[in-house]
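So the sequence lines, in the order shown, correspond to chains F and E.
In terms of UniProt numbering, the first sequence opens at residue 1 and continues consecutively.
In terms of UniProt numbering, the second sequence opens at residue 1 and continues consecutively.
Hints listed in this document are in silico derivations from the structure and should not be mistaken for laboratory results.
Any given hint could be a false lead.
As the list claims (entries may be wrong) - Calculated cross-link-like contacts (lysine to aspartate or glutamate; reagent style EDC-like; alpha-carbon spacing at most 16 Å):
1. 363/F x 488/F
2. 503/F x 310/E
3. 583/F x 380/E
4. 189/E x 103/F
5. 363/F x 525/F
6. 503/F x 190/E
7. 275/F x 299/F
8. 502/F x 507/E
9. 415/F x 190/E
10. 502/F x 188/E
11. 502/F x 550/F
12. 128/E x 253/E
13. 502/F x 143/E
14. 333/F x 284/F
15. 163/E x 253/E
16. 376/E x 504/F
17. 503/F x 143/E
18. 66/F x 377/F
19. 377/E x 377/F
20. 106/E x 144/E
21. 125/E x 103/E
22. 377/E x 356/E
23. 551/E x 404/E
24. 331/E x 542/E
25. 247/F x 224/F
26. 189/E x 550/F
27. 682/E x 576/E
28. 502/F x 377/F
29. 376/E x 256/F
30. 503/F x 188/E
31. 24/F x 112/F
32. 502/F x 190/E
33. 376/E x 404/E
34. 503/F x 576/E
35. 79/F x 473/F
36. 106/E x 75/E
37. 476/E x 492/E
38. 341/F x 428/F
Residue strings, one per chain:
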Amino acid sequence: MSSSSSPEPTPDDRLSKLQRSQLKQNGWGYRDSKFIISKDGQVEFVGGRYGISGHVLTSFRSWMIKALNIDLNFRTPPKTRAITEEDYPVVQNASFLASVRKENVAWSASVEDRLFRAHGHTLAEISLARTGTFLRIPGTGFCTLRAFTYLSPTEVCIVDLVVWPRSHDEVLMIVQLANKHNVVIIPFGGGTSVSKALQCLPYEARMIVSLDTSQMNCILWVDDKNWMACIEAGKTGQDLENELAQKGFCTGHEPDSMEFSTVGGWVATRASGMKKNIYGNIEDLVIHIRTVTSNGVIEKNCQVPRISAGPDIHQFILGSEGTLGVITQVVLKIRPLPEVKKYGSLLFPSFEDGVACLRQVSKGRCWPASIRLVDNEQFRFAQALKSEPSSYFQSLMNNCKKFYVTKVRSFDPEKMCVCTLLFEGSKDNVEKLEEEVYRMAGLHGGMAAGEANGQRGYTLTFVIAYLRDLGLDYGVVSESFETSAPWDRIVDLCRNVKFRVKKECLRLGVKHPPLISCRVTQSYDTGACVYFYFAFNYRGLKCDPVHIYEDIENAARDEILANGGSISHHHGVGKLRSQWLSKTISPQGVETLRAVKCHLDPLNIFAAGNLDLAVSQSDNIKSKI
Amino acid sequence: MWISSLIDVVLHWSKPYAVDDAASRAQIVDQLLYLLAGLRPDRLLHHLIEVWSSKRAVSMDWTGITTCQRQDLIEELRSVGDFRWTVTTQSSSQNPSTIDSEELKKRVMQSQRISDVIWMLLVRKDEKRSEAELQSEVRRILEEMGHKYSINYIRLMGLILIKTSRRMYEHIWIDLRSVRLLKSLFEEKDVPVILMPTHRSYIDFLLISFVAFHYGLPLPLIASGVDFMGMTGVGEVLRKAGAFFIRRTFADDELYRTVFAAYIYHILHQPQPLEFFVEGTRSRSGKSLYPKFGLLQAAVEVYLAGRVPDIMIVPVGITYERTVEESLFAKELLGLPKPRETTSGLLKASQTVLTDNYGSIWFRCGAPISVRDFMKKRVDRAVHNTSPRNRFKSTVDGSGAVRDLALQVVAQQQDLIEIHDWAVLASVLLNRLRTTGTTSFPVDELVGGCQKLLSALLLISQTKDDRNSDRRFEAKNLIRCTKIHLNILQLDSKQGTLWIQQSHLSDMRTLHLRLAHYRNHIVNLVAPSVLFRLASEKSQVESLNSFEFLKQLFSREFVIPEISHDYTNVSGEIHELFSDMVEPFLVGYAMVLRLLQSDAVSVQTSFASLRELVKSLQGDMKKVLDAGVYCGFEILSSDLISNCVQAVKCLEGISVQNGQFQIDSRIVDRINLQFLSLLPLKIVFQLADMSASSDLHVYASGKI
Ligand SMILES: Cc1cc2nc3c(=O)[nH]c(=O)nc-3n(C[C@H](O)[C@H](O)[C@H](O)COP(=O)(O)OP(=O)(O)OC[C@H]3O[C@@H](n4cnc5c(N)ncnc54)[C@H](O)[C@@H]3O)c2cc1C
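Looking at chain F on its own, in the form it has when it is part of the complex (with noise of 0.2 Å):
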């Protein structure tokens, strides 16, 4: 192992350029597509892509400023410093570069390709990103452990180089000569990672590689008898959907992230769709995962709707966040298109209301196929990103309008949300669903708002994730997080969350009252998955905005495990969460996944320190070396 300043780069730079050329280094998505305020002061959504692109938002920034305390006035740019090799010295192995480029596998070093798969999308991550402020520090060794929930500037390390293999053998390839030469591999799907699970360990003493799956990217089979498609890892969501669309199939998995996440992605962390309830979790459309650890590939030897065959080793690989191996292949369940695909809407008098018609929705398991509840907050949130002047609110009032006079009126609009909907299926299932479930709304005293609503509260879905660049533009900071829990404890947990958030934000001297909203995302027989929006202003702010964050959130998480709430429904734990796994799985949960991952993994070559795996594997390198 040898370390040097300036290796010889030589990438391969047709596959970093493909891909770089679209996608923000320092922000949300596509480099085409943002929010920005325009020289008359109006907030705009530039470019083609989505179906607010190009629209002017007459009322967000006044919304801004009265939700926020937003002022124009008060830029905060991403640094727009040139960076250099030199910024980010290189921790290299020769041996191991040498290896690979005589297997002629694609690879870069160059900074920019380095710095895109060094992170993820916390808000810590993307700031740092903004700021260029990643730094590796090597050879500290093992010794200089530190807890990483909050990484300073100088704390946090980029990867020093990126290979992109094409097929499953060669991913097999070079995780054998990780295993030879001593280097860290991180696997590296579509970046979207919002559990700092991409991120490098400060006190790595050798080479980390980023294995970037993005050249694994076919659909190498599909099965129309038995419903099944054999997807590589690589494969974005978005992509897929299209490729299996042109053939008549779905997969409808869906998260929100679906344009850039991909399946091995899905499967490391163990994505939740949109459209869960007709289709499924990721885990409950896996039928058959391939994944090249260490000591080779681990995999079933049948592809069946169910077995008996001790522990599920699936539920292993599901979750891994990238310490056990590569996932190279997945066989997942796909389904014909659906006949009719049909949106809704339903305004609740009160949050307590749409949790109650949820609920009962969920016991008499007529959900569609996403039903999702926004609080009170969200839904003014969401009427300010009208582009039109009043079309959302006038085409609210118009569907409603016989009710409008006896129903609305009585509406607090300081308490009232929105419940939009997605039906998919048969015309004559969906219009049966459709009537079930507006039928139990007005049980709860909701009523329904008409389509329009609820296909904008999708639309919007995609373009919410670009909000929080323009937010980091005018000093506001802000993150999403998210839980399960019990539904009766639901409500009292949304209230004591925002309760505690609005506490440690005074507490902290955070000088705007905050913006804490909720909504409950997904339902299940028992509970729900309830997503939290948080964001302050902090201008007048005396310490560093990201560090406050953190804290808040942290106290955020405290808050919902206290009230009966989970670790995470679909984000993982990563290094963001992990101060908590043991206390979730129990000491001896944890010690299990470590005796895995030591079997699996003895060198420690998958080091990216997630699932609280850090501390004991780099004690367990020590002693065999």
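We have chain F; now place chain E with the ligand onto it with these hints.
Below, chain E with the ligand without anything else, positioned relative to chain F:
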């Protein structure tokens, strides 16, 4: 009862007439009640004019309030006019009550929790009752428990109260920061507020409502003991004023406990605050009582179960310069049977009560305690996640934390008690009575003593105001005190002598206890430092242990805050003053401990109840005191004896076997020895004298 139905009739009857709004209807009701209350009708006209001439509601001027520190409510009322005050002060917006009392009961009745517990009881083998019977039992409990809050009755109470309080009291001092604090707490909608006042008198029940009413704050729902219900009519009136009733003991009654917990849960979800007395009952001794935990536990559980984001607890100190129940309390403490609370008794008492001057009342709130913050480091709420929410079981951590919380509230209450002149004078008088045996005192000398004690007290007081004040105790303060306590004192201003009233000389025991009641208002301020000093006479190592021991022995007597204070800065002279105040407690405890020893005269070794033991000890102590060596008659207080016995029980000197309380003489001997070794020689000699003069060989020199 008849009053309530009459009002209902009137309300009904008044509807169709010109009375359009609630306020004027309320006026009519009040006028009627005014007549009913038997107040002088000739003044009615006057009041009517007052009302009609100014229909505008009384609105609080908050700007004025922010500048001054305290306000005299009596003075305030004078400027508004009683009638107008009662009628127009509170508007419904100031006093939100979303759930009416019947609805509240219905919700409890229908709650999951109740059906759950019924189901649980039904499957039990030893449960004889059927489902229907259990349900009607729940209904019965709720009927017994439930409040019937009604603003019109509050107005009635207000009117009576304002009349009587004006006659009885010179001042009702309201700490205005407290009012501001309460107002800001009520603005946080999701967070329930619990007011926890000291409990020294029946007046407490009404005072907070009275204050809240005046300042436009939401009126509290008040938890009270069921013994009140025995008083015909009174219970009902209190219900209407927002009181609800809770049995004293129900630990073994699963059904009652659940109904109670569910009721508290629903109350905390009302916009009105909950009010209860953490001491559980009126403190006869005037000193803070060791707290009761049941109600607080139920309230805290609502937070621990995640049903509210937080609860704010406001300790409230109410100080009476002269307690209405003064002589009653003294008698009770001496073991004369407590009269049953009856309406006629109350009315009879009130006739005499209404003619006297009761001086001042001080009302002050302490820093609110956030239950969330308090529990943060102590309890993990997540442990309840793996059982259904209706099956909430408190944990060991939880119960411990509730105990700490209750103690903290009491500790804060102690700091809120006013260091009033009379408490100081009573302390000095008590001391003189005990040491000199005379019953007349030169005023000059008394004033000097009072001034010394007062300045010492102000010096160590926890309240900033007190510490900074330039209050002095002068002759005029003494004169004022005498005026208010004419029942005890008599001033001969020509000779400059203060006399104990003739009528008391024959019953010194009661007199001592009456004075002790007021001394006890402030004894808690000084007790910790005195105990600390006793312990620190010992060597370094031992002193910490000794202090711990004393804290345990006196744990029921003095609530000593957990936060370690610096007691070392008390000078020797001040320590002398303070020791004099605490001395009777030391003597009393030594005496009780001695009597618990196996060779003491009449003590048996096993008792059916602690109360029986206390009674027997009290009898023995009377005999010892009858010998006339020691004049600190207050040690006969059943409160002191029972506190000591309880502490001995905690120290395992008394154990329970087959329902019998057994004295373990070995442990009692040990406690006794350790305690004696810490007492100043002066007291030890005194004890020896006492035993020598009675036929009790108390302190054989070998034992010391
Ligand atoms: C705006 C936004 C919306 C989101 N919405 C959702 C949502 O609706 N539902 C949901 O479930 N999640 C959502 N996420 C989270 C994220 O998209 C998921 O965790 C996703 O599954 C990550 O996939 P990825 O391909 O981007 O993986 P990456 O982010 O690249 O990696 C995530 C983890 O998986 C590991 N990994 C990736 N590929 C492999 C592989 N082939 N083999 C082994 N390990 C691998 C990585 O090492 C890392 O530990 C969202 C994130 C964002 C930013």
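Status of each hint after checking the structure:
At roughly 13 Å between alpha-carbon atoms, residue 363/F and residue 488/F fall within 16 Å of each other, so this suggested pair holds. Among the hinted pairs, residue 503/F with residue 310/E is consistent with the structure: their alpha-carbon atoms are about 11 Å apart, no more than 16 Å. Pair hint residue 583/F plus residue 380/E holds up; C-alpha atoms about 11 Å apart against a cutoff of 16 Å. Of the pairs offered as hints, the one joining residue 189/E and residue 103/F is violated, with about 68 Å between alpha carbons and a cut-off of 16 Å exceeded.
Annotation: proposed proximity of residue 363/F to residue 525/F holds, straight-line Cα distance about 6 Å (limit 16 Å). A threshold of 16 Å between alpha carbons decides the hint, and for residue 503/F with residue 190/E the separation of about 13 Å falls inside it, so the pair holds. The suggested pairing of residue 275/F with residue 299/F is violated, with an alpha-carbon distance near 27 Å, which exceeds 16 Å. Using a Cα cut-off of 16 Å, the hinted pair residue 502/F and residue 507/E is violated, with the two alpha carbons roughly 62 Å apart.
Distance check on the hinted pair: residue 415/F and residue 190/E sit about 14 Å apart at the alpha-carbon level, within 16 Å; holds. Annotation: proposed proximity of residue 502/F to residue 188/E holds, straight-line Cα distance about 12 Å (limit 16 Å). For a cut-off of 16 Å, the pair hint linking residue 502/F to residue 550/F stands: about 14 Å separates their Cα positions. With a C-alpha separation of about 14 Å, the suggested pairing of residue 128/E with residue 253/E holds against the 16 Å cut-off.
With a CA separation close to 40 Å, the supplied pair residue 502/F and residue 143/E exceeds the 16 Å bound. As the CA atoms of residue 333/F and residue 284/F are separated by approximately 9 Å, the hinted pair is consistent with the 16 Å bound. Note on residue 163/E and residue 253/E: the hinted pairing is violated, with a Cα-Cα distance of about 43 Å set against a maximum of 16 Å. Restraint check for residue 376/E and residue 504/F: satisfied, since their Cα atoms lie roughly 13 Å apart, inside the 16 Å limit.
Taking the CA atoms of residue 503/F and residue 143/E, the gap is near 39 Å; set against the 16 Å cutoff, the hint is violated. With a CA separation close to 12 Å, the supplied pair residue 66/F and residue 377/F stays within the 16 Å bound. Distance restraint check for residue 377/E and residue 377/F: the Cα-Cα separation of roughly 32 Å exceeds the 16 Å cut-off, and the hinted pair is therefore not satisfied. In summary, the hint linking residue 106/E to residue 144/E is supported, as the alpha carbons are separated by about 14 Å, within the 16 Å threshold.
Annotation: proposed proximity of residue 125/E to residue 103/E is violated, straight-line Cα distance about 34 Å (limit 16 Å). About 50 Å separates the Cα atoms of residue 377/E and residue 356/E, which puts this hinted pair outside 16 Å; it is violated. Restraint check for residue 551/E and residue 404/E: satisfied, since their Cα atoms lie roughly 15 Å apart, inside the 16 Å limit. Distance hint between residue 331/E and residue 542/E is unfulfilled; the C-alpha atoms sit about 41 Å from each other, more than 16 Å.
At most 16 Å may separate the alpha-carbon atoms for a hinted pair to count; residue 247/F and residue 224/F meet this at roughly 9 Å. Restraint check for residue 189/E and residue 550/F: not satisfied, since their Cα atoms lie roughly 27 Å apart, outside the 16 Å limit. Proximity of residue 682/E to residue 576/E is assessed by CA-CA distance (about 12 Å); at most 16 Å being required, the pair is judged to hold. Annotation: proposed proximity of residue 502/F to residue 377/F holds, straight-line Cα distance about 14 Å (limit 16 Å).
Using a Cα cut-off of 16 Å, the hinted pair residue 376/E and residue 256/F is violated, with the two alpha carbons roughly 36 Å apart. For the hint pairing residue 503/F with residue 188/E, the CA-to-CA distance comes to about 12 Å; that is within 16 Å, so the pair holds. For the hint linking residue 24/F to residue 112/F, the alpha-carbon distance of about 11 Å falls within 16 Å, and the restraint holds. The straight-line distance between the Cα atoms of residue 502/F and residue 190/E is roughly 13 Å, inside the 16 Å bound, and the hint therefore holds.
Between the alpha carbons of residue 376/E and residue 404/E the distance comes to roughly 13 Å, so the proposed pair stays at or under 16 Å and holds. About 47 Å separates the Cα atoms of residue 503/F and residue 576/E, which puts this hinted pair outside 16 Å; it is violated. Annotation: proposed proximity of residue 79/F to residue 473/F holds, straight-line Cα distance about 11 Å (limit 16 Å). At most 16 Å may separate the alpha-carbon atoms for a hinted pair to count; residue 106/E and residue 75/E exceed this at roughly 43 Å.
A threshold of 16 Å between alpha carbons decides the hint, and for residue 476/E with residue 492/E the separation of about 14 Å falls inside it, so the pair holds. A C-alpha spacing of about 12 Å is found between residue 341/F and residue 428/F, which places the hinted pair at or below 16 Å, so the restraint holds.
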